[in-house]
Amino acid sequence: MNCENCQILISGYIDGELSPSESQSVSTHLAICLECAKLHEEFVSILGFCSEQLTEDSPPPNSQALWCRINNIIESEIAETKAQEALEPPVREKRGFWAGSLSFSRAQFVASFLAVAILSSLVTVVAYKNLTTPDDSLAGYETEPSVFDKMLAKIGVVDSPAERAKKRLEERKSAIEYWSQRVAKRRVDWDTDTRVTFDRNMGVIEKAVRQYTMAIEKDPQDEISSEMLDSSLNEKMELLREFSEL
Amino acid sequence: MFGSLFTSLNPKTAFRISITAIFVFAVFGTADAVFAQKKFSKSYPAGKNVRLQLTNRTGTITVRGWDKETVQISAVLQKPIANLEPKNLSGTIVIDVVRDNKGRNEVGDVNFNIAVPYSSSVDIETRIGNLQVNNIQGGLVRAHISSEGDITLTNIGAANVSAKNVIGDIFYDGVFQPSGIYRFYSTQGNINLRIPLRSSFQLIATAPSTRSISLGSFSNASMRFVGTGRRVVGKVGEGSASVTVTNQQGSIALLRR
Chain P
1 MNCENCQILI SGYIDGELSP SESQSVSTHL AICLECAKLH EEFVSILGFC
51 SEQLTEDSPP PNSQALWCRI NNIIESEIAE TKAQEALEPP VREKRGFWAG
101 SLSFSRAQFV ASFLAVAILS SLVTVVAYKN LTTPDDSLAG YETEPSVFDK
151 MLAKIGVVDS PAERAKKRLE ERKSAIEYWS QRVAKRRVDW DTDTRVTFDR
201 NMGVIEKAVR QYTMAIEKDP QDEISSEMLD SSLNEKMELL REFSEL
Chain A
1001 MFGSLFTSLN PKTAFRISIT AIFVFAVFGT ADAVFAQKKF SKSYPAGKNV
1051 RLQLTNRTGT ITVRGWDKET VQISAVLQKP IANLEPKNLS GTIVIDVVRD
1101 NKGRNEVGDV NFNIAVPYSS SVDIETRIGN LQVNNIQGGL VRAHISSEGD
1151 ITLTNIGAAN VSAKNVIGDI FYDGVFQPSG IYRFYSTQGN INLRIPLRSS
1201 FQLIATAPST RSISLGSFSN ASMRFVGTGR RVVGKVGEGS ASVTVTNQQG
1251 SIALLRR
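Respectively, the protein sequence lines represent chains P and A.
The opening residue of the first sequence carries number 1 in my numbering; numbering runs sequentially from there.
The opening residue of the second sequence carries number 1001 in my numbering; numbering runs sequentially from there.
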């Protein structure tokens, strides 16, 4: 799931109106995406505030001045846009694509044709490799990485499992730091049992993360360890996020 | 003073007084904990396809399917401060102990015992504690524990089942429906699936090593071990249901029902 889809579904997610699979996808995305997680928290706090203040209408202090400020901001933005338009030089009339003196020799034409053909085949292969999900069939799970896959990984067209793992670690570092800070703030209020349980479970997950990181360092082409590491990192973020709600 | 009084009594009387004192202390000394608990009970009339959505903080959850069109919620709240406000939202019973008690400290365990129509969907999650679901034949059974606790799913006929925990065992006893999707995930615990011998499913089971995966009676020629035996992929029967089992540090076993 991407951020756009998540932000469309987030309201339904909070209200419990999504299907289980949608809800699960949103939940997983919230664990790994800091921006959407913050948006989710803002929504929850707004809804919480609204439900507490259902009967009380609390207008902002000096609403007349507030409206006046909003009006001024809008007017100044309009004036700025107009000034910018006035300053921009007039656009020159574009010439047709073939109007220039483009002339190719036969060799150049053949070379460029071959280059386009190779490039498009490569793009197709890479797109196929990257966009097909392993859920489509059992085929993705049955085979080891082929020689072609390894070659693509070597020339840097497709990421190797080790590179993917490294990228994921980097991507999730900021999210893990964020949730860890939230947990650090909240845990002082937890009872002893909750603290002990959280630490024990975090220890188990971190052990799995270390185990599979080492396995990938040993064999950079190890797809299964890469997947297991991915799952462990997701687990770590979900544990942090869910305990930060307590 | 009490010492001299006590020694002046005859031994038989002193013994009786001691026994009575111990009994009184045993009853009233623990009474504080007993009286501090709060009980909650509520029933909702429900259709056959009701959905139960429960999010708990800590405590045990037991959900069972019964032959009545009623949802009956019973809960024991370890601390009376805990807030519990179930909502009936057009066919979905929502209980969210986490949201209802956000920012409250020392909420304590909330232990649930819930009965729902057997054709219901059940979506339960908790931060800490055991989950048990019995006799549910509806569309969905989802049982997630954020940290530790055992998950026991028995007599399940749902087409979509998901069970997940970090530490603790997962036991599934039920059938795999054609085109159903079944996912089981544990970081450290044993996953045991007890299913009929004539089940039809495609399996992807991943564990730390070959010896951690036991296929039992379901082993056949189509099963392939990949990734130095850490993953088993294959079909049983026509392979209509999809079963994914992942265990980071424990074992996986398929058992004949």
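None of these hints come from the bench; they were simulated from the model.
We treat Cβ as the ideally placed atom computed from N, Cα and C, and that holds for glycine.
Hints should not be assumed to be uniformly reliable.
Unchecked claim - Calculated pairs, EDC-like style, for lysine to aspartate or glutamate (alpha carbon to alpha carbon, straight line, at most 20 angstroms):
#1 K1087(A) / E17(P)
#2 K166(P) / D219(P)
#3 K1102(A) / E4(P)
#4 K1068(A) / D1096(A)
Stated by the list, open to error - A few chain P residues that don't get close to chain A, going by computed Cβ distances all over 12 angstroms:
#5 M1
#6 I14
#7 E42
#8 V44
#9 R69
#10 S76
#11 K82
#12 R164
#13 R186
#14 V188
#15 K207
#16 P220
#17 E223
#18 E242
Right, here's what the structure says about each hint:
Distance restraint check for K1087(A) and E17(P): the Cα-Cα separation of roughly 13 angstroms lies within the 20 angstroms cut-off, and the hinted pair is therefore satisfied. As the CA atoms of K166(P) and D219(P) are separated by approximately 14 angstroms, the hinted pair is consistent with the 20 angstroms bound. Between K1102(A) and E4(P), the direct Cα distance comes to roughly 28 angstroms. Violation of the 20 angstroms bound is thereby established for this hinted pair. Of the pairs offered as hints, the one joining K1068(A) and D1096(A) is violated, with about 24 angstroms between alpha carbons and a cut-off of 20 angstroms exceeded.
With 12 angstroms as the threshold on Cβ separation, the claim that M1(P) sits away from chain A holds: the shortest Cβ distance comes to roughly 17 angstroms. For I14(P), the non-interface assignment is contradicted: its Cβ lies about 9 angstroms from the closest Cβ of chain A, within the 12 angstroms cut-off. Distance check on E42(P): its Cβ is at least 14 angstroms (rounded) from any Cβ of chain A, clearing the 12 angstroms threshold; non-interface status holds. Listed as outside the interface, V44(P) is inconsistent with that label: its C-beta sits roughly 8 angstroms from the nearest C-beta of chain A, within the 12 angstroms cut-off.
Distance to chain A confirms R69(P) as a non-interface residue, since its nearest Cβ pair spans about 33 angstroms, more than 12 angstroms. No beta-carbon of chain A is positioned within 12 angstroms of the beta-carbon of S76(P); the least distance is around 40 angstroms. In this structure K82(P) is separated from chain A by more than 12 angstroms, as the shortest Cβ-Cβ distance comes to about 48 angstroms. The beta carbon of R164(P) sits about 16 angstroms from the closest Cβ of chain A, which is more than 12 angstroms, so the claim that it is off the interface holds.
At roughly 10 angstroms from the closest C-beta of chain A, the C-beta of R186(P) falls inside 12 angstroms, breaking its exclusion from the interface. With a least CB separation of 9 angstroms from chain A, V188(P) falls inside the 12 angstroms interface cut-off, contrary to its annotation. In this structure K207(P) is not separated from chain A by more than 12 angstroms, as the shortest Cβ-Cβ distance comes to only about 7 angstroms. No Cβ of chain A approaches the Cβ of P220(P) within 12 angstroms, the least distance being about 14 angstroms, so the stated non-interface status holds.
Non-interface call for E223(P) relative to chain A: violated, since the shortest CB-CB distance, roughly 7 angstroms, does not exceed 12 angstroms. With a least beta-carbon separation of about 4 angstroms from chain A, E242(P) fails to lie farther than 12 angstroms from that chain, contradicting its non-interface assignment.
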